[in-house]
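Visitor: Here is how the chains run, residue by residue.
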Amino acid sequence: MSTDQSSTPRVPDVENPQPTMPLTEDIRPGTANDPPVETVEPDRTATLTVDGESVTVSAESTLLDATEETDTDDYVPALCSYDEHDEIGPRSECRTCMVETEEHGVVPSCSFPAQDGMTVRTDTTEASEARDVNLDLLLSNHNLRCTTCGKNGRCELQDVSIENDVVEPRYGVFDDRDAYEPLDDSSPFIQIDRNKCILCNRCVEACNDVQVEGVLRIEGSGEDTRIGFQNDAETMMDSTCVSCGHCATVCPTGALVEQGLTDAATIPLPGFTQENSIGKTVEAENDRFQPGPATPMKGDQKSESAAEPTAESPPTEDD
Amino acid sequence: MATPKGAIGNGPVVRVAIGGDHDAGPELLRAARDATEDVRVVAVGPTGADSLAPLVLATQNGTTAFVPQCTVANVTTIVETLENGSLPDTAATVEHDPGATSMPTPPAAIDTTAVLGVGSRRVLGGCGWRAPASVADYRVSRDDELLAERAIDDPDAVHERVADAALRGRGRGDGSTDAPISGVWTTATETDGKPVVVVNANEADDHARADRLLLESAPLAVLDAALATAHAVDATDVLVYTNDAEALARERAQEAADALAADRDPDIPIQVVAGPDAYTAGEMTMALEAMEGNDRLEARRRPPGPDQYGLYGRPTVIHTPRTFAQVGQALADNDLGGVPGDPGTRLFTVAGDVDAPATIELPTDATLADVRGAVALDGGLKTACVGGRFGGLTRDLDVPASAAGLRGARLGTNGVIELFDESTCTVALAGQRAKLAREENCGRCVPCREGSKQLVELLRDVYDGEYQDGMLRELARTMRETSTCEFGQEASRPVTTAMESFEPEFRAHADGRCPSGSCDHVSS
Ligand code: SF4
Ligand code: SF4
Ligand code: SF4
Ligand code: FES
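If you read the protein sequences in the order shown, they are chains A and B.
Our numbering applies: residue 1 is where the first sequence begins, and numbers increase by one.
Our numbering applies: residue 1 is where the second sequence begins, and numbers increase by one.
This is chain B alone, in the form it adopts within the complex (with noise of 0.2 Å):
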């Protein structure tokens, strides 16, 4: 199979941002070939900026044009503009080298495209700049040298520099969640049996779309990262895990993985897989359960965990396209950068009351309040929900983004901050979560299944005017200590860190009142 055509290189060449939440692209696409046969026009991936999509960049002699929410008559225009020799006359035009592999990003000063120069795009690079199956792309910015084929002549060295790096796992649905990842290699490769690669992509919460967001742009910084690892652990098998109805990450994975294997040996198979669009599918061990089979999807007992006892028992290695980007980031011998303790950069999707969603990549020593310039929240901020659906609610986002940072402030890890404005009444927000946690949980253990029922129950009473704060503390600490897996250990997040930040919010509604004044069903 042919690699894609790539758009790194010279001569004048058309992006065109295909994928996100943007159906627009595609005919963009055809519009812009159509009107040229000169011009090199390229599709490449989102850039996780909505409010910029449909995104078409112009590129001549080192110098791109960005121009956000393009028309069919727009793009047309840019192409012959540019088959005529010169650049559209756009906002935002910025000058960069001529070979850049990376996305050259507009400054922050540029009217709608600053959301481009927010945090630093470093495993983001690559989104929206190169062709996201082309190999030749991909090459250019490893200095030709794919991950993998070093990898192939010196596994050691792989996971030594994960392990000396003490990269951490980022994300739900990792074997190593907030916990150095080389822990997890070791006993993959010190447990009897053929380990597995899986890339765990399978991420129901809309909000969290970062690793979509990846698979559908720079897949080959994940998989190439992914098949590293897969020969630092000398495993037989890449599997990359999907949700059903992401048709384009699975189609551009796919994509890259017939490259890669085109371009070199394939010697380690990748396989793009598919499981439910349920929430719970991408608990990890949820998502082996789908990926064998299973009629039914419900969390495995542990420990002990993956690595030992994975896909068919198989020690098996498990991480988002999150983790598996960083990884990449430290085998190119890149500097890293944010704290030592949880080096490297997060991604972020910023969401709720906002114009557009918007996905940025923050070094772990910068904190959350730098997201603001990304979007345009509608009011002022009121709460800020951290770490996906079961995060934590906080007034303030004076928060390091590093694991620890995160943790400390006992948000959560998911990476999406949900921002909220004055009309949202807190209380009915964590007993939504709650509600979430009730209807979504996979049946399994006690403190889950029931403990979310109760849950419900005791901020009913709330309403009807009793809140007792220490029976929900101590059915919280109990789920949250309790449950076999992340899903019921995080459901309670919501209300306790409201309890905590938004106390007077809670009283008031047992007085029959809702500040914010959006409850009406407040018993007085």
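Bound-form chain A, shown alone (with noise of 0.2 Å):
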């Protein structure tokens, strides 16, 4: 599944001036390096039009934090966004906050640079509509059974959608047993069903900027683009996972779950339930023993890479 492109050059003789920490050299999290948002020069104020109101917001802001200070005249959903954590995004790309503006036209507010003087719309007929077009986009490649999901009531897609007024998806929801990507229940700590992510992310940053783990990994192109594993697991047993569960606290969608909580904010259908929502399930392989939260994948690479075990070490079965 992984496409990972083996001619790919590094660049031999060419001075890298961005800071890397050896800690995380070796992390592959399979997405760009993106710029930085801000472009306004530090210590300043952009001072900017949303709907005919004046707003002003510092240095750094986005078109997002712009329209937040406003009453806008239309509900910008920015789905992907999550401003909680520095290290987090923006990744914008599910481009359901467009908005317009005078001078750049349409363009995402999560992630567009506040500038002085700009005259933002998000009322527009073409903003409104890829809003809504592209929401409708996440939903179509969406396994909407709320019911039986485990963020029911605690889910950004569903808060987007509900307040966005989506009645009927107008590309209808991705519905489709043969097509389902396996739920992966191997990890007795985090659940993945892949039919709900939307890519966003924010689980690979997480994981890899602000825990330092490097076990996440945006993997695949196209259609089978999906989250994977640095070490090239099929399962999250297999992965070099320490159950911190960051991952599934910052998953706006069902697509993480702690395991105590997949079946917490489900309405109580005899006999359904969100393991057995899509047919098929992956389980560990043989439950093996497992005294701490990393998994035993992480204890080989620990004990490969030859470093003395330390305090806080979790045993394993190695050991």
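Certain hints may be false.
What the hints assert, rightly or not - Computed from the model, here is a short list of chain B residues facing chain A with C-beta under 10 Å:
1) Ile152
2) Lys194
3) Pro269
4) Gln271
5) Leu288
6) Asn294
7) Glu298
8) Gly313
9) Ala437
10) Asn441
11) Gln454
12) Thr484
13) Cys514
As the list claims (entries may be wrong) - What follows is a list of derived Cβ distance ranges for each label pair:
14) A:Glu84 with B:Asp461: 38 to 48 Å
15) B:Asn334 with A:Val212: 33 to 43 Å
16) B:Arg513 with A:Asp123: 36 to 46 Å
The set of hints was computed from the structure by calculation and includes no laboratory data.
Since this is a predicted model, take the numbers as computed values, not measurements.
Cβ atoms here follow ideal geometry from the backbone N, Cα and C, with glycine treated the same way.
Both chains are given apart, each in its own frame, so use the hints to dock them into the complex.
Guide: Right, dumping it as structure tokens:
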């Protein structure tokens, strides 16, 4: 499934001024080296007009920040945007946050830098059509079974769909049992249901940039793009996960859910659960003894790298 | 490293074109060299006209004989004839200035070599005529002065000249496709950090082969202009980025880089690197990702673009070889010609239902209809797809060859004109391109990744009897306006232009009928 392009060169003799922490050097998250958001000079502010109202925001702000300061004429979803942690996003992939600017046309507000003097409108036909179509496109690839979903009631996709008055997504929803990806139920800590993933990349950044664990990555391209593991494992149990849970915390959908919560918010319908909602489930190959939160793979990785076990490293079956 | 033997100068010379899609060249070269010790036999690059390959030229005293589709037996005879002081007897013989630095083109009337007379040959002038990596040949064509030498002395003049000329970027994967290039030069110069210059020649669409042609046949013209650009923006590195599969282009670019370094102080190193043979790898930010050694290619978020945040975050000026070739023309103080809004020439590769593809050059004030003389099309022309894989479909080639003209006609500007005859179904053609978008996209953004899926589904619905033109237009609009990169922005163009120009065919398919008779899955 992984589409590693092995012929990719690394330009040998070109200076790379970007700092790399020795710890993150080997992390291969499969995502682009995106530019930072701010382009305004530091310590400056930008004053712009949103739906006729003037707003002043700080230098590193985006148009979304500016719209949030005002009472916009239309609802701007901004589904994939995450503003609780600087290390995460803006990924700007869902394109549900489009607004119209006089200067640059229709742009994604979550990542577009707020420049002094800009004129922004949230209520033009072009912008609202773009937001609606993109939200429906997301839903077209989503296994919309909220009643059995562990995130029911605390799901950002659900929230924006309700808020945006989605009654019937124009392209339908993903509902083809043959094409479902099996549910990864192998880890005792986190369950993965890729049929609900919107590829917002938050989990990847939480895992790589915040926890510096280097477990998760984006792999594949086109319709095969999916969340995978950097050690090429097929299941969570075979990955190098330490079960810190950060990925599940930041996930806006029911794609990553803590095991204890997979059925927490479901509507009790006899015999119908998240686990059997798509038919196929991957369990751990053998119920390996797992005394700590780190997977056996993480343990192997530690002993292979020949570092003497530290006090806080959990015991594994090899020890 | 010694600079390769040149082809320009006095005395008889035999030119053997090596490159392009034919592999007989090296064999002919060996045979020619084995047959003589006295006559100069020089390997040159391809001309862009595939129907002529393998092409051999014999020149003596200001006359050149063209021998298309040359065989080993022919080449031996040619060499021997030249050794005896005369020229072979061929259909196309052209008289020219003995020191000519550009290929003298046979008049359009002369049989098969007529393709060389279509349009103009300005940036293509050295192709098939000068030894690709010979600095001596190249210097002669520039009155002995390299553009890079002049740029060292007066870098600002380079920028001014390019700005005054209002040169626009050409092709996909350029940092300023269809826009004036001096803007990105200014931004790169004004941004903190040491700039980099990238020559982006990675193009997996086999029909869009003009960049490959330039690197295989006239790499010095590209590299010299790239070096001059590097001086103008005060860059420390020049990188040439090609497809992994394009070994000859890379080899010639490397030879040319080495020859340039040997000729002058290599104060700015030129490195030649290969990226994946994937269509996405040519997109400008995915090109940078590939060069940085990322394990998976994905387009970068923008703004800011590469001019501010490029290779390893450094300000980066990225252009295609086609753009650099135009920069070279502007710096050589040539009158660029064409329309003032988009001066110079554009390279077009004519492909599709034709005998052999041909890359030709049209001034921007010419019309696309001129390309018809470059190829033989079986049957009548029904549809042209202009602009590459995600070009626009049209029946009418009476369109100006300028950026504004092409855009105005809702066609693409990636320098490809595919001609299709009456048997081609435009609904199926648009469907194939939509399917390609669905399969090849990088997977990053929703309008492109999910939009291309729904685009294919809506076209399937047409075959099932339902033509939802409003839905199709709305989806295409959203993909165009909201996708991150040009891939998604252009992916729906074949569909929308087909709907505009061939609407009755969509309705016919919804009624269960394929007017061109080529779709047999139409349900009734
Ligand atoms: S992730 Fe779960 S709760 Fe959220 S929309 Fe999908 S099915 Fe519903
Ligand atoms: S698993 Fe969740 S956090 Fe990760 S990409 Fe998918 S939706 Fe985003
Ligand atoms: S437009 Fe397509 S190819 Fe470009 S970033 Fe978006 S998903 Fe990737
Ligand atoms: S929130 Fe802006 S693109 Fe997703």
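Visitor: Now, for every hint given, state plainly whether the structure supports it.
Guide: Hints, one by one, checked against the model:
no. : hint                               : in the structure
1   : Ile152                             : violated, 21 Å
2   : Lys194                             : holds, 7 Å
3   : Pro269                             : holds, 7 Å
4   : Gln271                             : holds, 6 Å
5   : Leu288                             : holds, 8 Å
6   : Asn294                             : holds, 7 Å
7   : Glu298                             : holds, 4 Å
8   : Gly313                             : holds, 5 Å
9   : Ala437                             : holds, 9 Å
10  : Asn441                             : holds, 5 Å
11  : Gln454                             : holds, 5 Å
12  : Thr484                             : holds, 7 Å
13  : Cys514                             : violated, 26 Å
14  : A:Glu84 with B:Asp461: 38 to 48 Å  : holds, 42 Å
15  : B:Asn334 with A:Val212: 33 to 43 Å : violated, 55 Å
16  : B:Arg513 with A:Asp123: 36 to 46 Å : holds, 43 Å
Going through the hint list in order, the structure does not satisfy hints 1, 13 and 15.
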